[in-house]
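Peer 1: Okay, here's what each chain looks like letter by letter:
There are 2 protein chains.
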Amino acid sequence: MVKISLIGSGNVATHLGQALSCVKGCEIVDVCSPHNSGTLAERLNARPVTRPSDVNPRSDLYLISVADDALPEVVRQLPENPDAIYAHTSGSVAIDVLKGLSDKIGVFYPLQTFSKDVDVDMTRVPLFIEGSDEATTVLLLDLASEISGKVFRADSRLRGRLHIAAVFACNFVNHLWSIADELLGQDGLSLEVLYPLLEETLRKAETNRPKDVQTGPAARRDHNIINKHAETLPPELKEIYLLLSGSIIRSQDEPNQL
Amino acid sequence: MVKISLIGSGNVATHLGQALSCVKGCEIVDVCSPHNSGTLAERLNARPVTRPSDVNPRSDLYLISVADDALPEVVRQLPENPDAIYAHTSGSVAIDVLKGLSDKIGVFYPLQTFSKDVDVDMTRVPLFIEGSDEATTVLLLDLASEISGKVFRADSRLRGRLHIAAVFACNFVNHLWSIADELLGQDGLSLEVLYPLLEETLRKAETNRPKDVQTGPAARRDHNIINKHAETLPPELKEIYLLLSGSIIRSQDEPNQL
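Chains as they are written, first to last, in our numbering: chain A, 620 to 877; chain B, 620 to 877.
To be clear, the hints were calculated from the coordinates, so they are not data collected in a lab.
Being a predicted model, the structure only gives us computed values, none of them experimental.
There could be a bad hint or two in this list.
Since the list can't tell identical chains apart, any single copy or any two copies may satisfy a pair.
[Unchecked claim] Here are the simulated DSSO-like pairs of lysine-lysine, each with C-alpha atoms no more than 27 Å apart in a straight line: (1) K718 x K847; (2) K643 x K769; (3) K769 x K823; (4) K735 x K857; (5) K718 x K735; (6) K857 x K769; (7) K718 x K857.
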């Protein structure tokens, strides 16, 4: 039986904890969180703990899923167990933050945005795994494969690059939707009017390569419309409009921007 | 019986034609297209016509769904029928292009991106309607309501603004996905690894206001990560990264960018 101590009770901890508690041969023994650990612990049939120093010192795996900037302090307080694996779940923190706890350290990074009360199909969520040594890596890869069909090795450098891609594909995309929402608000409309268009745009991007299905004034090199649009926008949005339009035009010229 | 002549056989014409052919009291009498009109005409049980000048001169509605720059020439060739309504389906062309054909002109603009062989639920597609006079507008609104539950009045100015919002929300978004795809390609991955994340990002944006669910380094004002990311990017992508990050940060300060 793999005994797991889960440190954290946020969105990632909740979804990973639920998935791991269903894996045969795994047992979440305790859930550590300064607040609210009771709720998740109860759901996972685990012992609630409020301080990292009180976590079971004989677990096989310590899975640390807390805010990036809370990681060093949690690491300082956790019991040291040279036989255990310690892994964090962050996309942007290097594995080294765990050094000192054990020789066997790792990263167990789910590339997804979680909301506490929204179920996510974990079998489709990509998990990126790093381990301090091959045995640790393989153990974490095996565990990851129990909950997801998309498991990859990724060192800290690759995780950083995945994070940048996700910023473009998700954070910036959400911001563009926010800008559209604001523009539509001027006419008493909202982004809702574009929902079918957003959904179809995503469907198209997922069934093709997005570059091959690029549409719009820039893809058509319709400088007449581009200039007309830009003229009506306030300075900041005009700058974004022209920069992205130029980038679309150039990306069609060059096979690769990188 | 409303007799409709459909001019065009592209994606928009195909989807609108199919929807209209199912409306009780409507009949598509002919489909005009220099090429391929046979296929769509056959599917709609209509007469195939290759030249606009050969279109039935006694139709009640001429629905012109051709490329923007082909509109003036099609208009020049169509039979004039003072009793009929002439409407085009373009988001970016003013109603005036139809002047001279009849006093009753209009626009019937579906805000969606269509692919020929992919079914779209037309009842959810927003239709934006403009008419030269109230009677024409009401007739087009009524017809639109037969195929969609989302029908709006929109003059040429509003259509232009909708188009700008759609460029941000769809064309630019697709380009950001294309950039992410390219970045991931450097590590032998592709955008596919982000599909669950894209889908969840869209779900979140549709169940909230996107501005309220903005995440990422810029939303957290994590200048450390922003600068680290920017340093690794080639100049053009760095410029996009910094401009959009700055825009996210400013949009959180100001209630409204416009």
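Peer 1: Each hint should be assessed against the structure and marked as holding or not.
Peer 2: Each hint tested on the structure:
{"no.": "1", "hint": "K718 x K847", "verdict": "between (57 Å within a copy, 23 Å between copies)"}
{"no.": "2", "hint": "K643 x K769", "verdict": "within (19 Å within a copy, 49 Å between copies)"}
{"no.": "3", "hint": "K769 x K823", "verdict": "both (22 Å within a copy, 22 Å between copies)"}
{"no.": "4", "hint": "K735 x K857", "verdict": "neither (37 Å within a copy, 33 Å between copies)"}
{"no.": "5", "hint": "K718 x K735", "verdict": "neither (30 Å within a copy, 56 Å between copies)"}
{"no.": "6", "hint": "K857 x K769", "verdict": "neither (40 Å within a copy, 30 Å between copies)"}
{"no.": "7", "hint": "K718 x K857", "verdict": "neither (48 Å within a copy, 33 Å between copies)"}
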